[in-house]
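Spelled out from the first residue to the last, the chains are:
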Amino acid sequence: MRNLYFIPFIFVVTLGLSACATSNNTAESVNDPLEPFNRAMFAVNNQLDKFILRPAAIVYGYVPAPARYGVSNALNNLGEPLTAANDLLQGQVRRAGTTVTRFGINSTIGLLGLIDMAEYFGFEGHSEDFGQTLAVYGVGEGFYLFLPIFGPTSPRDLVGELSQTVLEDNLWDSALDNTNSFNTITTALGALSDRQESLELLDEIERTSVDYYATIRSFYRQSRAAEIANQEMDIENLPDIDGLDMSDLDMFDMDMADNGDKANMYEGNENEAYEEGYK
Amino acid sequence: MRSSIAFCYFLSAIGLFVLLPLAPQLGQAQGADIINHVPQAEAYVRQIADEVIDILVASDDKSVREARFRDLLREKADLRRIGRFTLGRFARTISKEDFATYQSLLETFIIKVYANRLGAYSNQKITILSSQQKNRNIIVKSRIEFATGRDPVILDWWLIEDKPATYKLFDVSILGIWMAQEQRATFLSVLNNNQGNFDILLNHIRQQVENHLAE
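Just so you know, the sequences run in chain order A and B. Anchor point for the first sequence: position 148 equals 148 in the working numbering, and the numbering is continuous, going up by one each time. Anchor point for the second sequence: position 146 equals 146 in the working numbering, and the numbering is continuous, going up by one each time.
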């Protein structure tokens with residue numbers, strides 16, 4: 001149970017960072033005030049990916065699919081306790097129950113998570129993390145950040161991810177011996193598995209993007225917003241696009257006057273991203 | 001393992017007794033102007049989905065596939081609205097001629113990019129799950145199930161009601177990522193980083209289209 005004193009500190013730092021980040025939002029239309037730095041880190045990351053992770057993922061792709069699915073399932077299973085904790089912290093008691101049930105089934109008759117027997121019994125999996133919990137409690141996403149290895153993130157999600165790592169370390173430290181090796185192996189396998197699964201998609205996106213960096217930024221923000229909303233689309237938050245069908249281009253405008261809340265869904269940025277094109 | 005279980009109880013206790021009362025109200029009551037089932041819109045999406053799958057499965061010839069995809073797009077999608085949306089505020093500053101050029105390029109770009117991306121979803125089963133309408137906006141939720149055993153994917157369709165029970169497709173979201181939104185973010189990034197020079201954006205799009213033609 002080492003390092004748990006770190007948790008209150010994380011809360012304070014997150015709230016502080018998000019407050020700072022939010023204050024910057026109006027100054028930057030895409031909420032990416034560090035864009036030159038982020039683009040440089042993106043280029044570094046692409047080189048690391050090109051020469052290390054991507055080739056490793058291609059080799060990993062030669063492992064028979066059932067074995068890869070087994071690894072992926074087992075890694076997902078290891079994340080279930082913290083998903084359950086985050087479900088509860090978000091007030092999603094029913095989803096927490098599903099997660100705990102999945103963990104119980106898959107850890108036993110699912111052979112330590114290698115086989116997703118829970119899904120067979122109708123308990124579909126989902127993932128929650130500390131960044132999502134902070135978002136549910138109203139902590140703003142903050143500015144966009146791209147870091148080598150970490151990839152796309154934000155102050156809120158970065159702090160969430162770091163705290164999640166600390167919690168996972170403590171969780172499995174208490175359950176297993178030789179935790180450092182265990183955590184290193186699971187982290188490396190997770191990165192390899194995720195990269196292998198996204199090989200075709202990322203290649204296709206890179207090949208078809210007019211601006212690969214901006215595309216990844218948009219993908220990240222939208223997918224995070226969808227995860228926070230548990231993949232439930234809220235029609236109430238759709239932006240007003242009625243003004244877009246006016247026949248005279250010169251008259252074209254969007255009604256931005258009452259669209260403050262509607263910005264939340266668009267671009268996946270809770271603050272102001274919708275004004276990206278309309279400032 | 002005992003201490004890890006205790007740890008989970010510890011977190012659960014925090015959730016239940018300390019933070020739960022502070023949790024925001026999830027799943028708030030919906031406004032009265034939301035219609036929860038729109039059969040005509042669901043049928044419209046069903047029709048588009050069936051046609052897309054038919055194109056992807058039946059047409060091996062790339063040019064035939066793209067021609068059919070273009071016809072479908074022109075018939076079912078609100079391309080003009082998509083064009084304006086993806087340009088953001090710049091749609092107000094460019095000439096009608098530039099917009100017409102952009103619109104034509106965008107159409108080709110969409111066909112070439114998404115015909116490729118949609119290739120991964122060919123020959124799969126699409127199930128319509130639900131639909132909601134607020135004013136002229138309709139969201140139809142569907143699920144793609146893969147014969148390979150891969151996890152199902154949620155696909156949302158955003159329709160605009162032109163006239164009563166007459167629809168046009170505005171955007172598609174795969175796993176929560178809206179495609180028009182993605183293009184808009186990318187195009188605006190190019191424009192913002194080039195002092196709004198519209199020719200540079202047009203050249204970027206042309207380059208992408210030519211890359212696909214060269215394949």
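Everything labelled a hint here was simulated from the structure, so no lab data went into it. Don't be surprised by glycine CBs; every beta carbon is placed ideally from N, CA and C. Just so you know, not all the hints are guaranteed correct.
As the list claims (entries may be wrong) - Quick partial rundown of chain B residues pointing at chain A, CB under 8 Å, derived from the structure:
#: 1; residue: I111
#: 2; residue: V113
#: 3; residue: I128
#: 4; residue: K141
#: 5; residue: E145
#: 6; residue: F146
#: 7; residue: I177
#: 8; residue: A185
#: 9; residue: T186
#: 10; residue: V190
#: 11; residue: F198
#: 12; residue: I205
As the list claims (entries may be wrong) - Derived lysine to any residue pairs resembling SDA-like cross-links, with alpha carbons at most 25 Å apart:
#: 13; chain 1: B; residue 1: K141; chain 2: A; residue 2: R39
#: 14; chain 1: B; residue 1: K125; chain 2: A; residue 2: F121
#: 15; chain 1: B; residue 1: K62; chain 2: A; residue 2: E236
#: 16; chain 1: B; residue 1: K76; chain 2: A; residue 2: E197
#: 17; chain 1: B; residue 1: K125; chain 2: A; residue 2: H126
#: 18; chain 1: B; residue 1: K134; chain 2: A; residue 2: E200
#: 19; chain 1: B; residue 1: K62; chain 2: A; residue 2: H126
#: 20; chain 1: B; residue 1: K125; chain 2: A; residue 2: E236
#: 21; chain 1: B; residue 1: K141; chain 2: A; residue 2: L192
#: 22; chain 1: B; residue 1: K96; chain 2: B; residue 2: H37
#: 23; chain 1: B; residue 1: K163; chain 2: B; residue 2: K62
#: 24; chain 1: B; residue 1: K76; chain 2: A; residue 2: L238
#: 25; chain 1: B; residue 1: K168; chain 2: A; residue 2: D234
#: 26; chain 1: B; residue 1: K125; chain 2: B; residue 2: R206
#: 27; chain 1: B; residue 1: K134; chain 2: A; residue 2: H126
#: 28; chain 1: B; residue 1: K96; chain 2: A; residue 2: L201
#: 29; chain 1: B; residue 1: K141; chain 2: A; residue 2: G125
#: 30; chain 1: B; residue 1: K168; chain 2: B; residue 2: I200
#: 31; chain 1: B; residue 1: K141; chain 2: A; residue 2: P55
#: 32; chain 1: B; residue 1: K96; chain 2: B; residue 2: A165
What the hints assert, rightly or not - Restraint ranges, calculated between C-beta atoms of paired labels, are given here:
#: 33; chain 1: B; residue 1: Y114; chain 2: A; residue 2: A43; range: 39 to 47 Å
#: 34; chain 1: A; residue 1: P36; chain 2: B; residue 2: Q207; range: 17 to 25 Å
#: 35; chain 1: B; residue 1: P164; chain 2: A; residue 2: D194; range: 40 to 48 Å
For each hint, the structure was consulted:
For I111 of chain B, the interface hint is violated, since its Cβ never comes within 8 Å of a Cβ in chain A; the closest pair sits about 12 Å apart. For V113 of chain B, the interface hint holds, since its Cβ comes within 8 Å of a Cβ in chain A; the closest pair sits about 4 Å apart. Hint on I128 of chain B is violated. Least Cβ distance to chain A is approximately 14 Å, over the 8 Å limit. Taking 8 Å as the C-beta cut-off, the interface hint given for K141 of chain B holds, the closest approach to chain A being about 7 Å.
Taking 8 Å as the C-beta cut-off, the interface hint given for E145 of chain B is violated, the closest approach to chain A being about 13 Å. Because the beta carbon of F146 of chain B sits about 13 Å from the nearest beta carbon in chain A, more than 8 Å, this interface hint is broken. With a cut of 8 Å, the hint placing I177 of chain B at the interface with chain A holds, because the nearest CB-to-CB distance is about 4 Å. Interface hint status for A185 of chain B: upheld, as the beta-carbon distance to the closest one in chain A is roughly 4 Å, under 8 Å.
For T186 of chain B, the suggested interface contact is upheld, since its CB lies about 5 Å from the closest CB of chain A, less than 8 Å. Below 8 Å, beta-carbon pairs count as interface contacts, and V190 of chain B has one with chain A at about 5 Å; its hint therefore holds. Restraint check, F198 of chain B versus chain A: the minimum CB separation of about 13 Å is more than 8 Å; hint violated. A distance limit of 8 Å between C-beta atoms decides the matter here; for I205 of chain B the minimum to chain A is near 6 Å, and the interface restraint holds.
With a CA separation close to 35 Å, the supplied pair K141 of chain B and R39 of chain A exceeds the 25 Å bound. Note on K125 of chain B and F121 of chain A: the hinted pairing holds, with a Cα-Cα distance of about 21 Å set against a maximum of 25 Å. A distance of roughly 40 Å separates the Cα atoms of K62 of chain B and E236 of chain A; the hinted pair therefore is violated under the 25 Å criterion. For the given pair, K76 of chain B sits about 32 Å from E197 of chain A by alpha-carbon distance, which is inconsistent with the 25 Å threshold.
Of the pairs offered as hints, the one joining K125 of chain B and H126 of chain A holds, with about 22 Å between alpha carbons and a cut-off of 25 Å not exceeded. Restraint check for K134 of chain B and E200 of chain A: not satisfied, since their Cα atoms lie roughly 36 Å apart, outside the 25 Å limit. A C-alpha spacing of about 37 Å is found between K62 of chain B and H126 of chain A, which places the hinted pair above 25 Å, so the restraint is violated. A distance of roughly 29 Å separates the Cα atoms of K125 of chain B and E236 of chain A; the hinted pair therefore is violated under the 25 Å criterion.
A distance of roughly 32 Å separates the Cα atoms of K141 of chain B and L192 of chain A; the hinted pair therefore is violated under the 25 Å criterion. This hinted pair does not check out: K96 of chain B and H37 of chain B have alpha carbons roughly 39 Å apart, beyond 25 Å. Taken as a hint, the K163 of chain B and K62 of chain B pair is broken in the structure, with Cα atoms around 34 Å apart against an allowance of 25 Å. For the proposed pair K76 of chain B and L238 of chain A, the alpha carbon gap of about 21 Å is at most 25 Å, so the pair holds.
As the CA atoms of K168 of chain B and D234 of chain A are separated by approximately 20 Å, the hinted pair is consistent with the 25 Å bound. For the proposed pair K125 of chain B and R206 of chain B, the alpha carbon gap of about 34 Å is over 25 Å, so the pair is violated. The straight-line distance between the Cα atoms of K134 of chain B and H126 of chain A is roughly 28 Å, outside the 25 Å bound, and the hint therefore fails. Using a Cα cut-off of 25 Å, the hinted pair K96 of chain B and L201 of chain A is violated, with the two alpha carbons roughly 35 Å apart.
Between K141 of chain B and G125 of chain A the alpha-carbon distance is near 19 Å, which keeps this suggested pair within the 25 Å criterion. Note on K168 of chain B and I200 of chain B: the hinted pairing is violated, with a Cα-Cα distance of about 30 Å set against a maximum of 25 Å. Among the hinted pairs, K141 of chain B with P55 of chain A is inconsistent with the structure: their alpha-carbon atoms are about 37 Å apart, more than 25 Å. For the hint pairing K96 of chain B with A165 of chain B, the CA-to-CA distance comes to about 31 Å; that exceeds 25 Å, so the pair is violated.
Restraint check, Y114 of chain B to A43 of chain A: a C-beta distance of roughly 27 Å breaks the suggested window 39 to 47 Å. Between P36 of chain A and Q207 of chain B the CB atoms are about 23 Å apart, so this pair conforms to the stated range of 17 to 25 Å. For P164 of chain B paired with D194 of chain A, a C-beta distance near 46 Å keeps the hint of 40 to 48 Å intact.
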